[in-house]
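Asker: Given only the sequences and the hints, what does the whole structure look like? Please build it.
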Amino acid sequence: MDSTKQRELQIAACKIRMGIIEGVYNAKSGHPGGSLGLADTVTYLYENQLKLTTDPANPADPKRDRVILSKGHNAPALYAALALRGYFPWEELKTLRKIGSRLQGHPVMSATPGVDFSTGSLGQGFSAACGMALAAKLDNAAYKTFTILGDGEIQEGQVWEAAMFAAHYKLDNLVAIVDNNNLQIDGAVDEVMSPYPIDEKFHAFGWNVICIDGHDFTQIADAFASADKNSGSGKPFVIIQKTTKGKGVSFMENKASWHGVAPNEQQYNAAMAELKSALQALGGEQP
Amino acid sequence: MSATVNISKATRDGYAEGLLALYAKRPDMVVLDADLSAATKTEVFAKANPRSFFNCGIAEGNMTGVAAGLAACGKLVFASSFAMFAAGRAFEQIRNSIAYPKLNVKIAATHGGISVGEDGASHQCNEDIALMRTLPGMTIINPADAVEAREAVLAMADHNGPAYLRFGRLALPVINDNPDYKFELGRAVVLRESADDTVAIIATGLTVAMALEAYDTLKGQGISARVINIHTIKPIDEQAVLKAARECGKVITVEEHSVIGGLGDAVLGVLACEPFPVHKIGVQDKFGYSGPAADLLKAFGLSSENIVKTVIEVRL
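Chains C and D, in that order, are what the protein sequence lines are. Residue numbers for the first sequence follow the numbering used here, beginning at 3 and rising by one. Residue numbers for the second sequence follow the numbering used here, beginning at 474 and rising by one.
No lab work stands behind these hints: they were computed from the structure. Possibly wrong hints are sitting among the right ones.
Which chain C residues face chain D? A few, computed with CB under 10 Å, are given here [what the hints assert, rightly or not]: (1) Met111; (2) Gln126; (3) Gly127; (4) Leu136; (5) Ala137; (6) Asp141; (7) Gly159; (8) Trp162.
Glycine included, C-beta positions come from ideal geometry on N, C-alpha and C.
Answerer: Shown next as structure tokens:
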């Protein structure tokens with residue numbers, strides 16, 4: 003990836019992080035930590051990977067690639083990415099979690115343009131993604147299904163039911179992304195209930211596996227390029243990405259306490275100041 | 474059981490017939506099962522249409538989610554297992570992945586109720602209708618015989634949204650084998666009616682044939698009863714229930730399900746502001762146990778004899 007492209011993506015990711023903070027601050031609740039950690043992934047997905055296969059003006063196009071945020075509590079990241087892409091106005095991010103808002107606390111497919119499946123209860127989005135990938139196979143359709151899981155989420159038994167199903171039915175058009183920030187609400191995932199080794203588990207379940215740094219756009223691009231080439235392999239594809247919960251807002255980084263708490267006014271100002279200066283340093287303009 | 478009986482067939486067999494017939498109209502449909510296809514009878518569909526059938530293994534939660542994903546891509550999906558696992562184990566998946574997004578998935582559960590028999594209480598689901606009734610937008614169908622089961626499946630061609638269809642293991646008298654039979658979703662079927670009716674027996678599923686048999690016995694004793702089949706428990710036919718209660722004065726509900734949360738409570742809900750007594754026959758807040766289905770049904774008060782006895786008691 004050339005440096006111009008990389009900088010473009012970094013600028014978009016910075017804007018998405020600002021959108022996350024804006025939403026969660028105005029809602030006075032929500033999940034900033036995981037959302038910030040996921041910002042680079044959704045940036046790449048929406049600003050690069052899906053550019054040719056999805057159209058904000060036609061969000062229900064049957065030919066579109068699908069994205070299911072199985073870790074639905076990171077909705078602020080998904081919403082910011084959708085807003086940046088033009089699915090709805092950026093200003094609407096401030097309505098997150100409010101009465102009458104299209105931006106529900108967790109994603110709702112019937113409420114928000116661009117949301118392909120309703121999630122929030124962990125493990126369930128992954129199964130639905132399997133169903134979508136299977137539907138594509140039945141219809142000989144070319145679209146891919148992407149689904150994003152948390153590393154705590156994969157403690158759910160349903161995740162492994164789905165993993166077995168995807169391999170059994172050779173869903174090589176399915177791409178799972180496991181967001182491995184090693185933190186869940188009650189603490190470090192390896193202390194609460196270790197899911198490790200994640201890569202070996204997926205490998206044993208019959209998946210093609212790649213492990214990357216989820217904040218390095220070169221590695222992210224390579225991983226998605228491998229996912230593109232995975233069709234025909236007869237195996238589903240999983241990207242296991244190391245990320246930092248709270249990434250981009252220094253006082254939120256690597257703290258389980260920022261899993262599901264909104265910043266107060268002072269913290270909001272500090273977070274936005276940090277993101278604005280990062281954006282300026284990259285030469286980007288405010289969203 | 475009743476004078477109208479001429480064949481005996483399980484509603485799960487009607488389900489299989491319905492799937493085959495529906496496929497002719499809806500080649501986009503997909504059938505899922507969780508390793509019980511021989512028992513749920515989806516194997517009949519699987520053998521005829523192997524490309525549209527997917528066995529999900531013993532993983533009902535995932536099956537339910539896969540069904541949702543397929544439906545979100547426009548497929549008409551039937552997902553089958555025993556009622557205990559389809560509605561019980563996967564309740565939350567049905568709630569969040571199917572009912573909440575209003576997806577076009579039909580949960581087709583077999584082996585509902587106490588008549589599962591010898592397998593015992595672990596497999597006798599008397600709670601599924603109660604669970605499903607709590608879900609906004611969920612349609613619930615509990616057919617009375619194999620003919621109604623087949624027609625209910627066919628009716629799903631024109632029904633867009635989540636539905637729960639409950640079928641049984643036990644072979645039952647076929648009561649609807651007449652050429653005029655027509656299944657109308659949400660419409661109660663008045664099977665016996667006269668101006669002299671002094672009690673309304675509102676039944677569902679396999680208890681409908683019992684209610685018809687009870688009608689004959691009561692008639693012999695000079696008691697005129699109305700018999701109503703409620704195949705669609707949600708949305709319930711409120712007008713039919715109100716009319717029956719107002720014209721007959723007393724109501725007895727009969728269901729192979731807990732008296733908590735099933736047909737009886739649905740009828741009570743309709744009649745909450747009406748001055749008519751309602752007596753619920755059903756499983757009285759107890760778990761079942763192993764035994765032949767016919768013996769269990771009797772032991773739990775699900776028999777024409779108990780309906781007759783109850784009618785006589787409520788009329789005193």
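Asker: Each hint: holds or not?
Answerer: Right, here's what the structure says about each hint:
Interface hint at Met111 (chain C): satisfied, since its Cβ lies 5 Å from the closest Cβ of chain D, which is below the 10 Å cut-off. Here the hint on Gln126 (chain C) is kept, as its CB sits about 5 Å from the closest CB of chain D, short of 10 Å. With its C-beta approaching chain D no nearer than about 8 Å, Gly127 (chain C) sits inside the 10 Å limit, and its interface hint holds. The beta carbon of Leu136 (chain C) is positioned within 10 Å of a beta carbon in chain D (closest approach about 6 Å), and the interface hint is therefore held.
Because the smallest distance between the Cβ of Ala137 (chain C) and any Cβ of chain D comes to about 4 Å, under 10 Å, the interface hint for this residue holds. A least Cβ separation of about 8 Å between Asp141 (chain C) and chain D falls short of the 10 Å threshold, and the interface hint therefore holds. Evaluation of the Gly159 (chain C) hint against chain D yields a held restraint, the C-beta minimum of about 7 Å falling below 10 Å. Below 10 Å, beta-carbon pairs count as interface contacts, and Trp162 (chain C) has one with chain D at about 9 Å; its hint therefore holds.
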